[in-house]
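Trainee: Based on the provided sequences and hints, a complete structural model is requested.
Protein chains in written order, with my numbering: chain V, 1 to 314; chain G, 1 to 516; chain A, 1 to 276.
Please keep in mind that the hints were generated in silico from the structure rather than gathered at the bench.
Heads up, the beta-carbon is just placed ideally off N, CA and C, and yes, glycines get one too.
Misleading hints may appear alongside valid ones.
[As the list claims (entries may be wrong)] So the derived label-pair ranges between C-beta atoms look like this:
(1) 204/G / 161/V: 25 to 31 Å
(2) 291/V / 107/A: 24 to 30 Å
(3) 32/A / 388/G: 27 to 33 Å
(4) 18/V / 218/G: 55 to 61 Å
[Said to hold, decoys possible] So the derived list for chain G, only partly shown, Cβ under 7 Å to chain V, looks like this:
(5) 59
(6) 68
(7) 144
(8) 146
(9) 147
(10) 209
(11) 238
(12) 241
[Stated by the list, open to error] Pairs of lysine-lysine residues, derived as DSS-like cross-links and limited to a Cα-Cα distance of at most 25 Å, are as follows:
(13) 114/A / 3/V
(14) 511/G / 497/G
(15) 59/V / 143/G
(16) 319/G / 432/G
(17) 3/V / 107/A
(18) 148/G / 421/G
(19) 166/G / 148/G
(20) 166/G / 421/G
(21) 168/G / 421/G
(22) 179/V / 242/A
(23) 421/G / 441/G
(24) 168/G / 432/G
(25) 421/G / 319/G
(26) 441/G / 352/G
(27) 225/V / 126/V
(28) 164/A / 114/A
(29) 8/V / 107/A
(30) 222/G / 46/G
(31) 421/G / 437/G
(32) 242/A / 494/G
(33) 114/A / 8/V
(34) 125/V / 9/A
(35) 46/G / 215/G
(36) 215/G / 497/G
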Amino acid sequence: MAKYYIRKVAGFLVTLFLVSLLTFAVFQILPGNPALVILGVDADPAQIQQLEDEMGLDKPIPLRFLEWVGGLLRGDLGTSYRYHQPVSQLIGNAFGVTVQLAVFALILTALVGIPVGIWLSHHSKKPYALPVSMLSQLGLSVPAFCFSVLLINIFSVQLGWLPSMGYTPFSQDPVACLKSLTLPSVAIAFGSAAVLIRYVKVSVIQQEHQDYVKTAQSKGVPARKILRSHVLRNSLIPVLTIFGMTITDVLGGSIIIENVFSLPGIGKLVSTSINSRDLPLIQGLVLYLAIIVVVCNFLVDVLYSVIDPRIRLK
Amino acid sequence: MMQKRILSLALALTLLVAAFAGCTGSGTGSQSSTASTSQTSTDSGKETLVRMNIGSEPDSLDPWQSAASDTEAIMHNVFEGLVLYDETGAIIPGIAESWDISQDGLTYTFHLREDVTFHNDQPLTSADVLYTYNNLAGMGGEKAVSSKFENVESFEAPDEYTFVVKLKEPSAGFLSLNIIAILPEGYEDQATAPVGTGPFKFVEYTPSQRVVLEKNENYYNKDRMAQVDRVEFYIMTDSAAVVSALQSGTLDIASIDADDASVLESQFDIYNSPQNMVQIFAMNNSVAPFDDVRVRQAVNYAIDKDQIINTVFGGYATKLYTNFSPVMGVYYNDQLEDSYDTDLEKAKELLKEAGYENGFEFTITAPANYQAHIDTAQIIKQQLEQIGVTATIETIEWAAWLEDVYSNAQYQTTIVGLTGKLDPDAVLGRFKTDYPKNFFKFSDDEYDQLITSALTEQDEQTRIDDYKRCQEILTQQAAAAFISDPNLVVASRKDLKGYTFYPVTFHDMTKLYYEG
Amino acid sequence: MRVSTIFKKCLGNRNFILGSSMVGLMVLLMVVGFFYMPYDPDAMDTEHTLEFFSSQHLLGTDQFGRDVLSRIMEGTRVSFLVGALTVVFGLLVGGAIGSLAGYYGGKVDEVIMKLIDTQMAFPGVLLALMLIAVFGNSIQNLILALGVMSIPRFARISRSGFIKYRDAEFIKAARSRGAGDGRIIFLHILPNIVPELIVTSSLGFAGAVMSEAGLSYLGLGIQPPTPSFGKMLSEAQGEILKAGWYVLVPALAITLLVMGFNLIGDALQEVTEHGR
Numbered sequence: 001m002a003k004y005y006i007r008k009v010a011g012f013l014v015t016l017f018l019v020s021l022l023t024f025a026v027f028q029i030l031p032g033n034p035a036l037v038i039l040g041v042d043a044d045p046a047q048i049q050q051l052e053d054e055m056g057l058d059k060p061i062p063l064r065f066l067e068w069v070g071g072l073l074r075g076d077l078g079t080s081y082r083y084h085q086p087v088s089q090l091i092g093n094a095f096g097v098t099v100q101l102a103v104f105a106l107i108l109t110a111l112v113g114i115p116v117g118i119w120l121s122h123h124s125k126k127p128y129a130l131p132v133s134m135l136s137q138l139g140l141s142v143p144a145f146c147f148s149v150l151l152i153n154i155f156s157v158q159l160g161w162l163p164s165m166g167y168t169p170f171s172q173d174p175v176a177c178l179k180s181l182t183l184p185s186v187a188i189a190f191g192s193a194a195v196l197i198r199y200v201k202v203s204v205i206q207q208e209h210q211d212y213v214k215t216a217q218s219k220g221v222p223a224r225k226i227l228r229s230h231v232l233r234n235s236l237i238p239v240l241t242i243f244g245m246t247i248t249d250v251l252g253g254s255i256i257i258e259n260v261f262s263l264p265g266i267g268k269l270v271s272t273s274i275n276s277r278d279l280p281l282i283q284g285l286v287l288y289l290a291i292i293v294v295v296c297n298f299l300v301d302v303l304y305s306v307i308d309p310r311i312r313l314k
Numbered sequence: 001m002m003q004k005r006i007l008s009l010a011l012a013l014t015l016l017v018a019a020f021a022g023c024t025g026s027g028t029g030s031q032s033s034t035a036s037t038s039q040t041s042t043d044s045g046k047e048t049l050v051r052m053n054i055g056s057e058p059d060s061l062d063p064w065q066s067a068a069s070d071t072e073a074i075m076h077n078v079f080e081g082l083v084l085y086d087e088t089g090a091i092i093p094g095i096a097e098s099w100d101i102s103q104d105g106l107t108y109t110f111h112l113r114e115d116v117t118f119h120n121d122q123p124l125t126s127a128d129v130l131y132t133y134n135n136l137a138g139m140g141g142e143k144a145v146s147s148k149f150e151n152v153e154s155f156e157a158p159d160e161y162t163f164v165v166k167l168k169e170p171s172a173g174f175l176s177l178n179i180i181a182i183l184p185e186g187y188e189d190q191a192t193a194p195v196g197t198g199p200f201k202f203v204e205y206t207p208s209q210r211v212v213l214e215k216n217e218n219y220y221n222k223d224r225m226a227q228v229d230r231v232e233f234y235i236m237t238d239s240a241a242v243v244s245a246l247q248s249g250t251l252d253i254a255s256i257d258a259d260d261a262s263v264l265e266s267q268f269d270i271y272n273s274p275q276n277m278v279q280i281f282a283m284n285n286s287v288a289p290f291d292d293v294r295v296r297q298a299v300n301y302a303i304d305k306d307q308i309i310n311t312v313f314g315g316y317a318t319k320l321y322t323n324f325s326p327v328m329g330v331y332y333n334d335q336l337e338d339s340y341d342t343d344l345e346k347a348k349e350l351l352k353e354a355g356y357e358n359g360f361e362f363t364i365t366a367p368a369n370y371q372a373h374i375d376t377a378q379i380i381k382q383q384l385e386q387i388g389v390t391a392t393i394e395t396i397e398w399a400a401w402l403e404d405v406y407s408n409a410q411y412q413t414t415i416v417g418l419t420g421k422l423d424p425d426a427v428l429g430r431f432k433t434d435y436p437k438n439f440f441k442f443s444d445d446e447y448d449q450l451i452t453s454a455l456t457e458q459d460e461q462t463r464i465d466d467y468k469r470c471q472e473i474l475t476q477q478a479a480a481a482f483i484s485d486p487n488l489v490v491a492s493r494k495d496l497k498g499y500t501f502y503p504v505t506f507h508d509m510t511k512l513y514y515e516g
Numbered sequence: 001m002r003v004s005t006i007f008k009k010c011l012g013n014r015n016f017i018l019g020s021s022m023v024g025l026m027v028l029l030m031v032v033g034f035f036y037m038p039y040d041p042d043a044m045d046t047e048h049t050l051e052f053f054s055s056q057h058l059l060g061t062d063q064f065g066r067d068v069l070s071r072i073m074e075g076t077r078v079s080f081l082v083g084a085l086t087v088v089f090g091l092l093v094g095g096a097i098g099s100l101a102g103y104y105g106g107k108v109d110e111v112i113m114k115l116i117d118t119q120m121a122f123p124g125v126l127l128a129l130m131l132i133a134v135f136g137n138s139i140q141n142l143i144l145a146l147g148v149m150s151i152p153r154f155a156r157i158s159r160s161g162f163i164k165y166r167d168a169e170f171i172k173a174a175r176s177r178g179a180g181d182g183r184i185i186f187l188h189i190l191p192n193i194v195p196e197l198i199v200t201s202s203l204g205f206a207g208a209v210m211s212e213a214g215l216s217y218l219g220l221g222i223q224p225p226t227p228s229f230g231k232m233l234s235e236a237q238g239e240i241l242k243a244g245w246y247v248l249v250p251a252l253a254i255t256l257l258v259m260g261f262n263l264i265g266d267a268l269q270e271v272t273e274h275g276r
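Mentor: Set out below in structure tokens:
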């Protein structure tokens, strides 16, 4: 068991190293000088020179990579070229926004996806279920950013209820914060709830054809109880998979959604760091993204085994 | 099952149609409910607050590491130089209450005010000024922060409130260089907690969100004392976000896209003024076919600037004829205003003379993050088709543009906006043959001579004439197609008064006040 | 199951009919566009900008006074071109990689799947942003980026197909008759997983159309003035305060195309699975 984990962690570290090396290499061939990008066309040549020195752009390339790895081992991700702030602090701030978005979107996804999925599993043949399944089909087909623009058009431009863009920190104004996250969360949840509805529906139907359900029914256990104590528990597995996927996606920075709504989250940071050739920042972000994927997958595995003790952590 | 899908689809379409119907009502119905919800800022006795937008992330809060005009526009509230400028661009006293210039134009003696303190309560003396200038010019063992002070022979601080500059050669442009910020000696944290002497103090900066300033109660100049207590600048890169923030009352005043003025004019006061920018269609003068002046002139005759101004800038832009905006006042050459009136026949004739009777193909390399320039490129492409010239538009990342086009001049044509400066040399000097970033590859002996001599010229009228002649050369040689100066358009709450325009971008927060 | 049988069954599947009529409508727009368009899609008329639907301009005009219907017609070409090339790229590269991994198994499989997993850990948009930053902003590079993004999907499907069949009796029989690896892969196993690959292609097409729209919304790929649905959507968003209807046109076009291919994919899946 321990050996398995050691191997797994070692493999992960190798992946991290390769990904960092690759990112670093890519940035060496990218056209564009970070000092010039930051200072722009009005820059004084002396300023550009000074900024380049400060960034250490004059040092040999392998040395710069080694220095970065050295800093990483001491827990120092370096300082962003663009923002003149520690990379860890910038990622931390953006993570705060992204986590709020992810949680909000997941709650909406679950609140809509699970009940609607269960309901559809029993009523999908009825005519009154049509609008519901229609919406879920749309959810699968309308790209999230496209849906976002429609949401903005209706709720910000026409009705003026919600801000179309920007983010208010929770500490500054909780209500405004929730308002600023509503549209992007709905945009994300629209798609992921549609997927969830599909999976819940299919797996509830599958479970109900299982022998243990039939046995319980023949024993006279009420339908509600069967649903709650047997079927739901077993249907949760695919639900978790979808959750894992959604949360990985959102925490990984919904680059397009965050751009549409100008949210200062991870996705926005990713695009600005590429645009401004901010190597330390993008290196930190790539590490972060890789870690998020692994951690989320691991947590989903753990939850699997909690829900279904038969699944052991292999 | 299938039936259900079809029905559901029908319903979806109905919903979309309904949304359509809701949208066609030209979108004004809801706005009355959203505006003016936040009156807190005007309540008497309460702290007064002004919230404004800026269009880009500050490049650095440290003035020595900053070059972006957007950053300067807000940080000039915090930092001040020995001299300041007024609405016309004229130099007025700042930290120095007066100055003397020697007969030979080589020695500048600045007399500093004695009541100036930095925001960290450290009193300002000539030692701070000396420290600042030594760094700027790279003297006294420091590394130069600016290359504009290469003409300086020496700096001296003979007593606590006198500062003397000796130049190598006389320079008419030197005085306006002194608007550069004076920083406290020995203070190292300018990049994170900037400290200046201005009417506003820096409070906080949250990357990609906002910069907050507050009133400096101890400001020395009662005439320039701030009238509001606190100012928040929100970093917003999207123009639609700015409009909805204004409408929902989360901004009090904003610089907006000219395009959006028509949507806002019923609820907000709209001000606009040329901002001393030159939106330029640059043609690489060193590559064929643009190395032929007749081709460049033909392009100038084919471009209809009014169509660009009306379509891209909603009419809020000032037509240009040379690389100079009329806001530059006395230096502006107004004799060029009828050159290159759109004339397709003449354009075709010039092309024929140049041997391009059947037109040619070329590429417009436009920076991908500037929609206005991309839109302009699309219009120019259409306009040039009328004289048989075919353009292909290629958008490239800003970072790549700066490297390939701006630094290495690897391009055929491009569109960009060059921000103006108070000093005409900083504007026109870009076209000098040996200017490191002369990406136009324009080269003209007379022009180079005039730029050089104007810099040291003592007689103001001769200097003005020199710069006017320079503008004329640029126009005659068709160094580029100078399109327009896109106006700075500001929408302000109706009870917020006093927004003032300067010849360079500066959001002067001291002038703002709430009415009533 | 033979492809012709699948096709027959599809004709009886209403999802398929519905999906193909959506895609068919877009194809029709594209084909008609090759012979006739109401206006030159790039021709500006700055006197008549952002006009609502009328008999002159059935879908109105954009911010330059260009005819929106003509631009949509030309935009379908971009979508179909990008979708088709992306699928072909994914099918060839992903299919080949997945087949190798599935057929040979062992170390080959392990290494390939590790690489696929690493790629999936990288968000697709980030990958596209970096590829385009390195190689330049053009439609070719956009297709390359989308193609690379679609590799894992095809690789996984063909890998599991090959795992399923590599030890099947008829393969063993073929091998004992002396058939080489190449012959077994191409003649014996590949035909069996064609249905799965068709389903994946259809869904992949929808995915590619969606991603292209997303990336061109961010200003990557298609160069102006060539219209693309995503680019039109972002331009329309800029005019949302003045002409709210305009965003709905490209949004609807994207939805029709994506939903059409999704429905076709679903239908194919249903048909092929029921056949077993």
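Trainee: Next step is simple, just say for each hint if it's right about the structure.
Mentor: Consistency of the hints with the structure:
1. 204/G / 161/V: 25 to 31 Å: Holds, since residue 204/G and residue 161/V (Cβ atoms, about 30 Å apart) stay within the stated range.
2. 291/V / 107/A: 24 to 30 Å: Roughly 27 Å apart at Cβ, these two residues keep to the hinted range, so it holds.
3. 32/A / 388/G: 27 to 33 Å: holds, 29 Å
4. 18/V / 218/G: 55 to 61 Å: Between residue 18/V and residue 218/G, where Cβ atoms are some 57 Å apart, the hint holds.
5. 59: Cβ of residue 59/G sits 5 Å from chain V, so the hint holds.
6. 68: holds, 5 Å
7. 144: With a minimum Cβ separation of about 5 Å from chain V (threshold 7 Å), the hint on residue 144/G holds.
8. 146: At 5 Å from the nearest chain V Cβ, residue 146/G passes the 7 Å test, so the hint holds.
9. 147: holds, 4 Å
10. 209: holds, 6 Å
11. 238: holds, 5 Å
12. 241: holds, 3 Å
13. 114/A / 3/V: holds, 19 Å
14. 511/G / 497/G: holds, 8 Å
15. 59/V / 143/G: Given that 25 Å is the threshold and the Cα spacing comes to 19 Å, the pair holds.
16. 319/G / 432/G: holds, 24 Å
17. 3/V / 107/A: Judged against 25 Å, a Cα distance of about 20 Å means the pair holds.
18. 148/G / 421/G: Holds: residue 148/G and residue 421/G sit about 13 Å apart, inside 25 Å.
19. 166/G / 148/G: holds, 14 Å
20. 166/G / 421/G: Roughly 24 Å separates the two Cα atoms, so the pair holds.
21. 168/G / 421/G: The given pair, whose Cα atoms are some 23 Å apart, holds under the 25 Å limit.
22. 179/V / 242/A: holds, 24 Å
23. 421/G / 441/G: holds, 21 Å
24. 168/G / 432/G: holds, 21 Å
25. 421/G / 319/G: holds, 18 Å
26. 441/G / 352/G: Holds. Residue 441/G to residue 352/G sits at ~24 Å (cutoff 25 Å).
27. 225/V / 126/V: holds, 23 Å
28. 164/A / 114/A: Between residue 164/A and residue 114/A the Cα gap is close to 20 Å, so the pair holds against 25 Å.
29. 8/V / 107/A: holds, 16 Å
30. 222/G / 46/G: holds, 21 Å
31. 421/G / 437/G: At roughly 16 Å apart (the allowed maximum being 25 Å), residue 437/G and residue 421/G satisfy the hint.
32. 242/A / 494/G: holds, 22 Å
33. 114/A / 8/V: holds, 12 Å
34. 125/V / 9/A: Since the Cα atoms of residue 125/V and residue 9/A sit roughly 22 Å apart, the hinted pair holds (cutoff 25 Å).
35. 46/G / 215/G: holds, 14 Å
36. 215/G / 497/G: Since the Cα atoms of residue 215/G and residue 497/G sit roughly 17 Å apart, the hinted pair holds (cutoff 25 Å).
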